[in-house]
Amino acid sequence: MDVEVLEGIFDANEKIARENEALFREHGVLAVNLMASPGAGKTSLISATLDRLAGRAQAGVIEGDIASSVDAEKIRTHGVPVVQINTGGACHLDAVMIRQALEHIDLSPLDLLIIENVGNLVCPAEFKLGESMRAMILSVAEGHDKPLKYPLMFSESDVLVVNKTDLIGMGDFDMEELRGTVTRMNPDIVIFEVSCRTGEGIEAWTSWLVERIAEHKERARRA
Amino acid sequence: MHELGVTESIAAICLKHAQRNNANRIIKVNVKLGDLAGIVDHYVSFYWDMVTKDTIAQGAELNFIKVPVVAYCRGCEEEFAVAEFDLTCPKCGEADTELVSGREFMVESIEIE
Chain D
1 MDVEVLEGIF
11 DANEKIAREN
21 EALFREHGVL
31 AVNLMASPGA
41 GKTSLISATL
51 DRLAGRAQAG
61 VIEGDIASSV
71 DAEKIRTHGV
81 PVVQINTGGA
91 CHLDAVMIRQ
101 ALEHIDLSPL
111 DLLIIENVGN
121 LVCPAEFKLG
131 ESMRAMILSV
141 AEGHDKPLKY
151 PLMFSESDVL
161 VVNKTDLIGM
171 GDFDMEELRG
181 TVTRMNPDIV
191 IFEVSCRTGE
201 GIEAWTSWLV
211 ERIAEHKERA
221 RRA
Chain W
1 MHELGVTESI
11 AAICLKHAQR
21 NNANRIIKVN
31 VKLGDLAGIV
41 DHYVSFYWDM
51 VTKDTIAQGA
61 ELNFIKVPVV
71 AYCRGCEEEF
81 AVAEFDLTCP
91 KCGEADTELV
101 SGREFMVESI
111 EIE
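Chains D and W supply the protein sequences, listed in that same order.
Take the first sequence: its letter number 160 is residue 160 in our numbering, and every next letter is one higher.
Take the second sequence: its letter number 66 is residue 66 in our numbering, and every next letter is one higher.
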């Protein structure tokens, strides 16, 4: 006997992701799922962004790591609420982990929640968390050929932050080629060029983020 | 990279539907898999026997129905096959396009007895 099933293999995760999403909307919080390889600069970008955001938006951070609370300790020095998730080996965050983390963070005073995913350019792209925006970082040191090698992440992201632009010229990284490849894969993606080390480009990225927060709040208010 | 977890999810979905239909045995499982889903069917098949051991799905054939990556061009109002993840329309060269298929990953049906 044939039985029609038509059940998505990620359906269980996506159901909880939708519940998280509703919770973010209810509180008018822009939730950003920040994904990148290890060492691309996720924690550095969050630190630099929090510095620029002071007085403009209230932010909170969920730190996802396989182990340790090294990143959470760094972020805590910025005086924002931080929750650390240790995945205990899992290569990505999922919606259930976010739901559990949300029990330890008060969304009411927040405008922005940055979720730092596990350092990995593959798996995090497949698991929705309920985020309002998917952001990814590619660092110059990783090379401009990465979009074709890790297509899902580049296809799924709303915004790409190219970090470590201070290293351009030290290798064969080609920004125009990267922009061309990424735009052909994902025509709507927004691209920023920054250096967390020198601070170059951070203000443009932060201002854009502040605009998205306002837009998201307005949409949440109308809904 | 997490094909083991994914295989466990497939097995759980199949066993749930098999039990609902009072099945004694699952013979075949049809999984729809888009080329852009990021799942390597070879590894899922590798874990399948291990995951279904001592269940009514043990020995069931795992069949993948591959779904090609297809996009739609709003300008030309036509669909086209996507090669190399390039969403630019091959006809007009514009990128005013959207993905139609390629991200599928679902248990479509099971054959039971």
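Treat the hints with caution; some may be incorrect.
[Unchecked claim] Derived pair list, reagent style DSS-like, types lysine-lysine, alpha-carbon separation capped at 30 Å:
#, chain 1, residue 1, chain 2, residue 2
1, W, 91, D, 128
2, D, 15, W, 91
3, D, 146, D, 217
4, D, 15, W, 66
5, W, 32, W, 53
No lab work stands behind these hints, which were simulated from the structure alone.
*Are there hints from earlier that the structure breaks, and if so, what are their numbers?*
Of the numbered hints, 1, 2 and 3 do not hold.
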